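Same order as they appear, the protein sequences are chains A, B, C and D. For the first sequence, the UniProt record's numbering assigns the number 1 to the initial residue and increments by one for each residue that follows. For the second sequence, the UniProt record's numbering assigns the number 1 to the initial residue and increments by one for each residue that follows. For the third sequence, the UniProt record's numbering assigns the number 1 to the initial residue and increments by one for each residue that follows. For the fourth sequence, the UniProt record's numbering assigns the number 1 to the initial residue and increments by one for each residue that follows.
The hints are simulated quantities; they were obtained by calculation from the structure and are not laboratory data. Just so it is clear, the structure is predicted and the values come from calculations on it, not from any experiment. Any given hint could turn out to be false.
Here are the simulated SDA-like cross-link-like pairs (lysine to any residue), alpha carbons at most 25 angstroms apart as the crow flies [said to hold, decoys possible]:
(1) 262/B / 43/A
(2) 141/C / 54/C
(3) 303/B / 211/C
(4) 252/A / 192/D
(5) 190/C / 186/A
(6) 88/B / 107/B
(7) 120/C / 173/C
(8) 227/B / 115/B
(9) 190/B / 227/D
(10) 66/A / 107/A
(11) 227/B / 170/C
(12) 141/D / 207/D
(13) 44/C / 192/A
(14) 227/D / 170/A
(15) 222/C / 173/C
(16) 303/A / 221/D
(17) 3/A / 62/A
(18) 265/B / 52/A
(19) 166/A / 207/D
(20) 262/A / 43/B
Number of protein chains: 4
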Amino acid sequence: MIKGAVIGATGYAGQQLVWFLHNHEYVKIEFVVSHSYADEAFSKIYNNYTGFIQNKCINIQQAEYKLEEIDVLFIALPHGKSFDIVKKALAKGVKVIDLGADFRLNEAACYEKWYGVEHKFPELLNDAVYGLVEIYRDEIKKTRLIANPGCYTTASILALYPLLNKGLIEMDSIIIDAKSGVSGAGRGLKVTSLYGECNESIKAYGIAGHRHTPEIEQELSKAAGEKILLNFTPHLVPMNRGILATCYGKLKNNISQEEIYKIYKEFYKEDYFIRIVETLPETRNVRGSNLCDIGIRVDERTKRVIVISAIDNLIKGAAGQAVQNMNLMFGLEESEGINVLSMAI
Amino acid sequence: MIKGAVIGATGYAGQQLVWFLHNHEYVKIEFVVSHSYADEAFSKIYNNYTGFIQNKCINIQQAEYKLEEIDVLFIALPHGKSFDIVKKALAKGVKVIDLGADFRLNEAACYEKWYGVEHKFPELLNDAVYGLVEIYRDEIKKTRLIANPGCYTTASILALYPLLNKGLIEMDSIIIDAKSGVSGAGRGLKVTSLYGECNESIKAYGIAGHRHTPEIEQELSKAAGEKILLNFTPHLVPMNRGILATCYGKLKNNISQEEIYKIYKEFYKEDYFIRIVETLPETRNVRGSNLCDIGIRVDERTKRVIVISAIDNLIKGAAGQAVQNMNLMFGLEESEGINVLSMAI
Amino acid sequence: MIKGAVIGATGYAGQQLVWFLHNHEYVKIEFVVSHSYADEAFSKIYNNYTGFIQNKCINIQQAEYKLEEIDVLFIALPHGKSFDIVKKALAKGVKVIDLGADFRLNEAACYEKWYGVEHKFPELLNDAVYGLVEIYRDEIKKTRLIANPGCYTTASILALYPLLNKGLIEMDSIIIDAKSGVSGAGRGLKVTSLYGECNESIKAYGIAGHRHTPEIEQELSKAAGEKILLNFTPHLVPMNRGILATCYGKLKNNISQEEIYKIYKEFYKEDYFIRIVETLPETRNVRGSNLCDIGIRVDERTKRVIVISAIDNLIKGAAGQAVQNMNLMFGLEESEGINVLSMAI
Amino acid sequence: MIKGAVIGATGYAGQQLVWFLHNHEYVKIEFVVSHSYADEAFSKIYNNYTGFIQNKCINIQQAEYKLEEIDVLFIALPHGKSFDIVKKALAKGVKVIDLGADFRLNEAACYEKWYGVEHKFPELLNDAVYGLVEIYRDEIKKTRLIANPGCYTTASILALYPLLNKGLIEMDSIIIDAKSGVSGAGRGLKVTSLYGECNESIKAYGIAGHRHTPEIEQELSKAAGEKILLNFTPHLVPMNRGILATCYGKLKNNISQEEIYKIYKEFYKEDYFIRIVETLPETRNVRGSNLCDIGIRVDERTKRVIVISAIDNLIKGAAGQAVQNMNLMFGLEESEGINVLSMAI
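Whole structure, please, built from the sequences with the hints as guidance.
Okay, structure coming up:
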């Protein structure tokens, strides 16, 4: 039995992680940590767990004393908040999966520029593996520190990686127009997250400045073997869950839609959670699951390829991917405990 | 391995059944039947199943030739459509779980009055067990024909049964004000089911004439030991899933909220899927699960008790309950394959 | 030109009032008051008004110095917050329309019991007229202080008044099961008002203790000529706007649905904003308008009458009704400036 | 008084037109035509109009006999259906505003290629004026036949026109990623328009083949003075109304965001319904109105400009624009009868 714990368990991603760990045959949740709800029963915060999850939330100071009791620590905190606990957990030999942003960017300087926060332990960046299983499976199996990818980034990178890896599109032609459900904004109290302010409306936000941009660029640059800059535009959509990334690139050469489909199917042929689909992806087809659906269209008039990916932002974009990483780190079947299909409606 | 089949597999309840049977460790889906989509791949109708469910839909004539291959047949057809296939399946020794209305009412005359259709095999009504597990567990284990309860009726009966069984309320004081998500209207093409007609609005419908009324009355009359008439008012709510039943009754005697809670907890103490909750039920806490949450309030000013129940209409109100019945019929753990918690958002 | 001002202008009801006053041919908005957004442009808080409304929000202290500049003051504050400003405005000869609860209950003791706040000026209760135009039209024309009714109360009273006034139902048989859109919870920052917590779910709240209960009882008791206690159960529905009140009463005598329809049509025959409809009301048919739709059904099996009313909670339940009151107080056509039809979708 | 009529009055755009014409001070609706609901009261189809609009729907044959009674005919039919009635109406001296696609493309061949239908009266294409007021105001005043623009096209052209007119971006760099509410799909019975299939999901559709593409290209080519091909990708968003168009172009030269804002403000300075906004547009800010909000961002890293526009698809994208055209054709104030602000929630 793997002994696990979750810090930031009452946020939307954190509680989704608890959902999966609770169901996981080989995991026991030792403790859950919540700053806002310390000492309260977890199921009082999330009534869906009533009668099934007995844990009481503890605070992070209490958690530090319990690090020795666990094998793996999941952290779902805002950026800048996980440095110390990661350090301490690693020192105790605990494997760490950080769902936040603090270890995703390889360069501390880049982190500091985009997040406006000093990186406390840049030396740990060498140890951290970017937890996108489909790209870094082997490294993940061996590491003790996972930087779990962001939600937008997961959808964007999975959609574009093969195109760049195979050198099919112009490097300066990439536009990612992404759409997310409201849970992506978290459970914090903001006017913009109120029902009345989100419902029956769509808007873009964070244009040209969203913090997932450098993360996408970092990974796609590696895929391409050269430095890439791209446009990433997130939008807020009136639905609870889901990300749809509509990705555009200019084709370098004549290549048919069919051929690109073949390349994608080959590229992802070992990946249980990637579905290369003929129809256009809809977020509802992956909602509640760890799947990523990818569909491809070529516009012959404009010589552009449009690749569309759909994920559940809280699962493949956060908690599900975290468990997928854990499974690999502990030698389990990759899909263990996260092999759930979407419900159609 | 239990060999099962689903007729009406492309309706909303039918496809939810496929979801559960696909996940069920001890079931193999032998075939799925769809009138509208015969010969099409099931996963082409419901893209969420792409890559996971390979079945092609067959038509009912083809299904009749395959009855010998199966142990259990689930039927999710509109009322009046299941008579023949039920008869034939039983004759072949196949156990039948009918999610439709044709075998729910004990009296053929009552069925004919409310549904306006002649009952073709009234003699089978004696064999049929009303598949509300929490009330008829023992009978279900022994039967070969289950009349799976309606969605509104499940929520209503579970909410009110103990009150009536213990004789706590005036028999003529019962009002059930129920609210359902839109999936309850099915996948048929009706203007009233279009997004633009349902979204951002709530309405009542079928007042004083909804067909779940006699079904609720039948079962609650049995609970009370006398004939009950009641008011049942369904409403359509802009959400995909969920039923909330707000049930009112006039208390015969002074009895505290606490005492009623005690009675409910005792009554349902063996029932895995019933949660007697202190807070007021919300449909999201049971969405995606086979649970029924029940909360109780006493208004001392008016001497009324208000019992509120919440279920997922497609699961505890249809497909989940059907699997729960199947589990009992085949000697399995009651929660096998349906032990899924709701996701919080 | 009537010179008006709004206190609490950046709440949901307040901004809706600004919408109507801005459109009103005979009103000029002199100032708008917001505690949270003093000194900010109103259209920066609500971008829909960009380019059309130039007012900057002021604070309440500044407002007090400007009372002499206005003819009418609208107040949309939480209960307990309007006492002083009402007093001061009246002293300056300003007519006051209070959208809050402080002057709705005739008895200070009743107010203090349900709201837990001392009533600072009980003597003003004699001056206050309950601003339900359809019932108190003549008194409204003559008063200087309007207690604008609550949203649930407006829907409930309009639905039940004729039944009680004509003595058609048992006094102790009344149940009001009401459903409201999320804007009814206001713009305050609460976890329960977040998109992810409201969307795709329905729940009841405040059972047996909601503060609109005594207000409904007060007015229906007057209609009946005797003291009435009733059950009022509010529910939260995932939509922005709208209230549907499903009201139940036990008929004293045999009376047909048709006859009750006749009574309602007669009772409301002079009322522009009341529609007695044959179909069952849907909130979308009144959304964006000041209308109240009322539909009636008799269940002959149980001898109950079910009356359903639908309003827009922010309009007929708040801002629209406030303008309707103002129109009467200033001798204008009752529908002036609020004669807007709902958009169908 | 202008005597008007609407063909296709029970579709979503048609009924919105009835809403505006009913409110219009200078218009009288002589008749409304509906193929599906001939002989039924219009307010029975759309209950929001109960008591306010008395018209009974007639069929198109009856309408032909009444052409002499009207001054203006609005047609809201699917493509390929308006040829004959347009011809007949013009012959009777009736001004025609066609909300469908049949007269929008200048070249019959282009129409036939994209719509797969023969154009019956190509000679009329010379008379037709493309009814985008902000671009063709003078021509509109003089014409007798308006081709009212499509919803996506209105949002897209208004967003990009100044950029192309001033030659600021590379001609082959344009990508329009557009998002629409579900009412854009109309009221026809399709599984994909059912509540359960649209709610809680987003998808792209019609990639590289949507029929609004040539319409956008035609008008932007005129703006640029050269032939443009571009990518247009529509998406379906779970909300009733609204279009958000996120438009990307590669800047030819260094030009600041501020300068581009200046160019847009100058370009649209006479246009009542265009708001150049500093914040990013949200569809809710224009919902229910004839406004188009436009916001601009420059990404200096990638040298791209992102222009975002928001409209109400049924109003500025259909019915409101049609009335705006009518106002000009009849010498009225452009905003007459359509000067309605959005409600914030």
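Status of the hints after comparison with the structure:
no.: 1; hint: 262/B / 43/A; verdict: 21 angstroms, holds
no.: 2; hint: 141/C / 54/C; verdict: 31 angstroms, violated
no.: 3; hint: 303/B / 211/C; verdict: 18 angstroms, holds
no.: 4; hint: 252/A / 192/D; verdict: 36 angstroms, violated
no.: 5; hint: 190/C / 186/A; verdict: 14 angstroms, holds
no.: 6; hint: 88/B / 107/B; verdict: 22 angstroms, holds
no.: 7; hint: 120/C / 173/C; verdict: 35 angstroms, violated
no.: 8; hint: 227/B / 115/B; verdict: 20 angstroms, holds
no.: 9; hint: 190/B / 227/D; verdict: 44 angstroms, violated
no.: 10; hint: 66/A / 107/A; verdict: 31 angstroms, violated
no.: 11; hint: 227/B / 170/C; verdict: 23 angstroms, holds
no.: 12; hint: 141/D / 207/D; verdict: 36 angstroms, violated
no.: 13; hint: 44/C / 192/A; verdict: 13 angstroms, holds
no.: 14; hint: 227/D / 170/A; verdict: 23 angstroms, holds
no.: 15; hint: 222/C / 173/C; verdict: 17 angstroms, holds
no.: 16; hint: 303/A / 221/D; verdict: 18 angstroms, holds
no.: 17; hint: 3/A / 62/A; verdict: 17 angstroms, holds
no.: 18; hint: 265/B / 52/A; verdict: 16 angstroms, holds
no.: 19; hint: 166/A / 207/D; verdict: 23 angstroms, holds
no.: 20; hint: 262/A / 43/B; verdict: 21 angstroms, holds
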